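K.L.:
Here's the letter readout for the chains.
There are 2 protein chains.
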Amino acid sequence: MTLLADVLLMALVVCAAPQEGSVDTPAQPNILLILSDDMGYGDLGCYGSITIATPNIDRIAASGVRFTNGYVSASVCAPSRAGLLTGRYQERFGFEDNLNKPMQLKDEFAGIPLDQKLVSDRLKQLGYHTAAVGKWHVGESVDGHHPNARGFDFFFGMLGGGHGYFPTLEKNKLERNGVPVSEIRTPYLTDWFTLEAQDFIRSDHEQKPWFLYLSFNTPHTPMQATKEDLATTQHLQGFTGVSAKKRRTYAAMQRNLDRNVGVLLQLLEERGELDNTLIVFLNDNGGTPPTNGGCNAPLRGMKGSLLEGGVRVPFLIRWPGHVPAGEDYHQPVISLDLMATFLHAAGGEMPLEILNKNKGTERIYDGVNLIPYLNGQVDTPPHERLYWRSGFQSRAVREGKWKLVVTPLLGAMLFDLDKDIAEQHNLADEFPDVVARLRQELFVWETSFERNPLWLTAVMWRKYNAKHYGREYQLTQPTQ
Amino acid sequence: MTLLADVLLMALVVCAAPQEGSVDTPAQPNILLILSDDMGYGDLGCYGSITIATPNIDRIAASGVRFTNGYVSASVCAPSRAGLLTGRYQERFGFEDNLNKPMQLKDEFAGIPLDQKLVSDRLKQLGYHTAAVGKWHVGESVDGHHPNARGFDFFFGMLGGGHGYFPTLEKNKLERNGVPVSEIRTPYLTDWFTLEAQDFIRSDHEQKPWFLYLSFNTPHTPMQATKEDLATTQHLQGFTGVSAKKRRTYAAMQRNLDRNVGVLLQLLEERGELDNTLIVFLNDNGGTPPTNGGCNAPLRGMKGSLLEGGVRVPFLIRWPGHVPAGEDYHQPVISLDLMATFLHAAGGEMPLEILNKNKGTERIYDGVNLIPYLNGQVDTPPHERLYWRSGFQSRAVREGKWKLVVTPLLGAMLFDLDKDIAEQHNLADEFPDVVARLRQELFVWETSFERNPLWLTAVMWRKYNAKHYGREYQLTQPTQ
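Each protein sequence line maps, in turn, to chains A and B.
All residue numbers for the first sequence refer to numbering that gives the first Met the number 0, where the first residue is 0 and numbers rise by one.
All residue numbers for the second sequence refer to numbering that gives the first Met the number 0, where the first residue is 0 and numbers rise by one.
Wrong hints could be hidden among the right ones.
Any copy, or any two copies together, can satisfy a pair, since identical chains are not distinguished.
Claimed, not checked - For lysine-lysine, the following DSS-like pairs were computed, each having C-alpha atoms within a straight-line distance of at most 27 Å:
1) LYS105 with LYS172
2) LYS462 with LYS358
3) LYS356 with LYS100
4) LYS105 with LYS116
5) LYS244 with LYS170
6) LYS356 with LYS170
7) LYS462 with LYS123
Treat the hints as calculated values from the structure; they're not laboratory data.
No experiment lies behind these values; they were computed from the predicted model shown.
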């Protein structure tokens with residue numbers, strides 16, 4: 000958080016908004032955070048898709064801000080969520096990779112460590128009624144990691160990282176507040192999540208504002224769509240590494256997700272809550288062409304890599320009267336900013352936690368409140384740099400136009416993203432000073448963490464991810 | 000182990016030596032493994048020292064083989080010992096860095112994991128009477144890690160990584176077989192270790208051969224020498240980064256160590272055991288000029304770095320009738336080879352352990368029996384490549400004349416060790432194909448491990464080690 004941002008936030012708090020610490024003023028917006036899973040960067044209408052129509056998600060963009068340099072803090076699901084939910088680079092507390100609990104790790108550390116507070120904890124403290132619906136994936140082995148123990152009054156979904164889309168009573172991992180489901184409410188999981196979200200929105204909030212973290216697993220594998228949706232995508236073709244069948248299923252799942260987002264927007268509209276709800280749509284990490292058929296055009300790389308296709312994602316925010324409608328924001332922002340943005344919208348402030356009284360060290364939070372940047376009050380970039388690490392060895396940093404990516408097999412790659420969004424031209428040899436300086440910045444960042452990784456990617460995933468740095472998938476929008 | 004080596008070993012076993020599984024044949028030599036601690040590469044007479052006389056250690060070289068490319072598997076104490084004692088790259092079982100037990104790690108994993116067998120376990124099984132004297136440093140938090148639980152019949156010393164040289168009854172961490180010492184036997188610790196070693200050598204072995212792992216902490220900090228030794232080194236001067244006082248103390252400690260090695264050689268001679276004892280002298284990792292005043296000339300780098308000064312060490316072997324006397328061996332060898340060498344000398348074989356029956360995977364051992372290489376039976380290099388990793392990010396590989404070193408701050412450095420033993424000329428830009436190929440070899444090695452690190456270097460050591468890659472100390476022998 001910059002000093003300037005601090006000053007502006009103070010101004011916002013004093014001039015426009017609720018008093019510090021107030022918890023039930025009507026000025027507190029509802030907050031709806033919609034997360035998708037492994038979606039291709041180029042697979043929404045508002046991000047350039049020609050073949051997949053997503054009118055409802057596009058409607059959020061048209062009435063809010065579309066980030067053209069919106070990032071997540073990891074290129075795979077679990078750490079990306081750990082960053083999103085804590086507002087901190089998840090490496091700070093040892094959540095480096097997808098959960099891969101080694102036998103030597105104490106159970107209670109197999110998730111977001113319990114010494115970390117989640118955005119849900121904070122919003123609850125600010126008077127919110129809170130719910131999580133869908134995929135959890137940040138700790139399931141002991142009770143302390145359950146969403147109900149981590150600031151969410153209500154939970155429906157699965158604790159793990161994936162789920163079949165046609166659950167049966169015999170075969171499902173779904174639960175509601177710790178109780179396994181006893182009926183299949185509707186055949187298709189994405190529809191079911193939406194029903195639960197609708198129920199929560201309609202529920203008695205006891206005059207509190209509400210926060211809903213709606214974590215769809217669409218369009219993560221397994222690739223399963225309804226007959227109705229599939230019927231509309233049979234004209235589509237595949238592309239390098241993606242069969243027509245896979246692409247059709249993927250597009251059908253996207254269509255279903257978009258329709259469900261429309262259902263929720265309509266419900267909010269009917270209830271007169273649409274404009275007093277801060278809505279964010281975000282995807283957790285890049286699409287994965289060879290497994291789910293997503294397309295990250297025009298970006299290189301995919302889930303599991305720190306190239307743009309792994310970490311730059313569709314990212315939209317809508318909050319009428321507070322952020323512009325139908326505009327783009329081009330400076331780099333990151334999912335970690337949502338915690339600060341939500342807390343400030345709710346009239347709160349970022350927490351101050353002393354880690355070591357003697358050394359005077361505070362817990363570092365990495366996000367900033369985006370609102371003053373979006374409404375023009377601040378015109379500097381929100382972040383001097385953004386950083387990524389994966390499996391302890393692959394690392395990346397973005398500073399302005401520069402992106403440095405370092406991997407064990409390929410070494411240092413430097414890209415000028417202003418001229419080369421597809422990361423085709425490695426300029427490392429041409430600008431050794433930039434490489435050396437950004438290496439140093441990465442090292443400073445890496446040596447600011449509270450702990451080393453609690454676990455690391457399993458060998459099979461190291462091999463898999465390394466391989467995919469070297470492969471290229473569709474870099475231009477498919478036209479059929 | 001190469002096929003050729005296997006065939007030759009079989010030949011050795013059949014033609015010359017004890018039957019497989021025999022435990023008490025007189026052909027089994029005693030084995031004395033002397034380890035020093037943080038010694039500078041250039042601080043023995045037999046490795047070029049002009050100012051420090053070490054006639055007794057030199058005597059081992061003169062009557063045995065001096066390795067000019069002898070390596071350890073880590074550049075700091077604990078992992079180097081873990082590799083030495085198991086015959087495996089210690090990263091294979093998660094012992095990556097000096098012990099830095101994180102709170103989330105189960106106690107029983109804070110050391111060499113108990114699923115690994117030590118050379119002491121193996122030799123005991125082959126009928127040896129076994130002892131460890133000195134510094135342990137590979138697990139102290141639970142009983143399972145105690146030397147007495149890891150194949151050593153006798154233990155005297157300290158379980159941790161360091162100790163003052165003038166112990167008092169009030170202030171010492173010394174024990175004998177788990178029992179804290181109740182008397183100070185002699186004032187200076189190095190002398191005391193030697194007394195315990197003499198006792199063991201003289202003890203009743205019940206007609207078994209014996210194995211003594213004598214792990215001196217000399218010349219590790221704290222820098223403390225006897226008045227008598229100090230009196231002989233007051234003419235010495237310091238050099239860049241090393242004060243005269245520190246250098247004088249260091250040299251005095253070396254002198255003491257050498258004298259104690261002489262005492263042991265003399266005892267063996269008196270007992271008629273000298274020529275039936277396989278003696279190895281080895282240092283655990285590079286000297287550390289700024290803290291102990293060691294000099295790694297002509298090598299660049301120091302303890303904690305993967306440059307030659309961190310991992311190439313004084314390494315001698317003496318076994319009359321089996322290896323030549325007074326010769327040099329120039330091919331790269333590594334401390335991991337000692338397990339295979341000792342087991343074969345003892346008439347045993349390397350163990351075969353099935354890790355996964357379905358996949359048919361065996362536990363990988365990284366050492367080879369050096370004897371046939373030293374006595375001329377085999378003239379190919381013992382290893383195609385040697386590898387190192389430190390803190391998961393710094394890595395190195397040696398293949399023939401090539402050495403690739405990759406660090407987070409400096410990137411890839413390629414050296415031609417035939418022409419440039421001091422690693423002054425980075426040829427990475429000139430030979431990008433060699434860099435790419437060796438990166439690939441490193442990756443293959445790294446993805447062959449059984450588990451990820453159990454802990455990693457603390458942040459302060461990452462910073463410290465990174466800094467020291469960029470500094471240079473004495474590259475030529477001090478002449479005063």
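K.L.:
For the identical chains here, do LYS356 and LYS170 meet the 27 Å Cα criterion within one copy, between copies, both, or neither?
P.N.:
This pair counts as neither: shortest intra-copy Cα distance 51 Å, inter-copy 31 Å.
K.L.:
How do LYS462 and LYS358 come out at 27 Å by Cα distance, when the copy is not named: within, between, both, or neither?
P.N.:
Answer is between; shortest inter-copy Cα gap is 18 Å, intra-copy 40 Å.
K.L.:
Check LYS105 against LYS116 for me: Cα-Cα at most 27 Å, and say if that holds within a copy, between copies, both or neither.
P.N.:
both (20 Å within a copy, 24 Å between copies)
K.L.:
Within a copy, between copies, both or neither: where do LYS462 and LYS123 come within 27 Å Cα-Cα?
P.N.:
neither (41 Å within a copy, 39 Å between copies)
K.L.:
Could you figure out if LYS105 and LYS172 sit no more than 27 Å apart (CA to CA) within one copy, between two copies, both or neither?
P.N.:
within (24 Å within a copy, 29 Å between copies)
K.L.:
Could you figure out if LYS356 and LYS100 sit no more than 27 Å apart (CA to CA) within one copy, between two copies, both or neither?
P.N.:
between (32 Å within a copy, 23 Å between copies)
K.L.:
Give the relationship of LYS244 and LYS170 under a CA distance limit of 27 Å: within one copy only, between copies only, both, or neither.
P.N.:
Within one copy, since 25 Å is at most 27 Å while 74 Å is not.
Figure legend: structure checked against the earlier numbered hints; hints not met, in rising order: 6 and 7.
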